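If you're matching positions, the sequence shown starts at 37 in our numbering and goes up one per residue.
The set of hints was computed from the structure by calculation and includes no laboratory data. Any given hint could be a false lead.
Claimed, not checked - Label-pair restraints from in silico Cβ distances:
(1) Ala40 <-> Gly88: 23 to 29 Å
(2) Asp38 <-> Ser87: 28 to 34 Å
(3) Glu68 <-> Lys90: 30 to 36 Å
(4) Ser80 <-> Leu54: 15 to 21 Å
(5) Pro95 <-> His50: 27 to 33 Å
(6) Gly88 <-> Lys60: 16 to 22 Å
(7) Gly39 <-> Leu83: 15 to 21 Å
(8) Tyr59 <-> Gln79: 17 to 23 Å
(9) Gly88 <-> Ser47: 21 to 27 Å
(10) Ala40 <-> Phe92: 20 to 26 Å
(11) Asn55 <-> Thr84: 30 to 36 Å
(12) Pro82 <-> Tyr59: 16 to 22 Å
(13) Glu71 <-> Ser47: 25 to 31 Å
Stated by the list, open to error - When the alpha-carbon atoms are kept at most 25 Å apart in a straight line, the in silico DMTMM-like pairs for lysine to aspartate or glutamate are as follows:
(14) Lys90 <-> Glu68
(15) Lys60 <-> Asp38
(16) Lys60 <-> Glu71
(17) Lys49 <-> Asp38
(18) Lys90 <-> Glu71
(19) Lys44 <-> Glu68
(20) Lys49 <-> Glu71
(21) Lys49 <-> Glu68
(22) Lys44 <-> Asp85
(23) Lys44 <-> Glu58
(24) Lys60 <-> Asp48
(25) Lys44 <-> Glu71
(26) Lys90 <-> Glu53
Just so it is clear, the structure is predicted and the values come from calculations on it, not from any experiment. Think of the CB as a built atom: it goes at the ideal place given N, C-alpha and C, for glycine as much as any other residue.
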Amino acid sequence: MDGAQFAKMLSDKHLLELNRMEYKYSTVSVNEFAELLRQNFAQSLPLTDFSGNKLFYLPNLAQISTNGIQKTE
């Protein structure tokens, strides 16, 4: 996968809905994209899903933005 397509897929608003991304991109591209994310960016969790597969998360997407929070006294 070339860098331009990877960047385009990474900034897609349906990033976490892989089945919807398959309509916009090919199934092969989405599978390759998911594998690259898992290998290079994802961190594993000490949890499994109902099928027994390990769960992963993307730390950069899981961060909470505090830009809109105001401190009140």
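Hint check:
| no. | hint | in the structure |
| --- | --- | --- |
| 1 | Ala40 <-> Gly88: 23 to 29 Å | violated (36 Å) |
| 2 | Asp38 <-> Ser87: 28 to 34 Å | holds (32 Å) |
| 3 | Glu68 <-> Lys90: 30 to 36 Å | violated (20 Å) |
| 4 | Ser80 <-> Leu54: 15 to 21 Å | holds (18 Å) |
| 5 | Pro95 <-> His50: 27 to 33 Å | violated (20 Å) |
| 6 | Gly88 <-> Lys60: 16 to 22 Å | violated (30 Å) |
| 7 | Gly39 <-> Leu83: 15 to 21 Å | violated (32 Å) |
| 8 | Tyr59 <-> Gln79: 17 to 23 Å | violated (28 Å) |
| 9 | Gly88 <-> Ser47: 21 to 27 Å | violated (32 Å) |
| 10 | Ala40 <-> Phe92: 20 to 26 Å | holds (25 Å) |
| 11 | Asn55 <-> Thr84: 30 to 36 Å | violated (21 Å) |
| 12 | Pro82 <-> Tyr59: 16 to 22 Å | violated (34 Å) |
| 13 | Glu71 <-> Ser47: 25 to 31 Å | violated (18 Å) |
| 14 | Lys90 <-> Glu68 | holds (18 Å) |
| 15 | Lys60 <-> Asp38 | holds (17 Å) |
| 16 | Lys60 <-> Glu71 | holds (18 Å) |
| 17 | Lys49 <-> Asp38 | holds (20 Å) |
| 18 | Lys90 <-> Glu71 | holds (14 Å) |
| 19 | Lys44 <-> Glu68 | holds (14 Å) |
| 20 | Lys49 <-> Glu71 | holds (19 Å) |
| 21 | Lys49 <-> Glu68 | holds (18 Å) |
| 22 | Lys44 <-> Asp85 | violated (29 Å) |
| 23 | Lys44 <-> Glu58 | holds (14 Å) |
| 24 | Lys60 <-> Asp48 | holds (10 Å) |
| 25 | Lys44 <-> Glu71 | holds (16 Å) |
| 26 | Lys90 <-> Glu53 | holds (18 Å) |
In this structure, the earlier hints numbered 1, 3, 5, 6, 7, 8, 9, 11, 12, 13 and 22 are contradicted, and the remaining ones agree with it.
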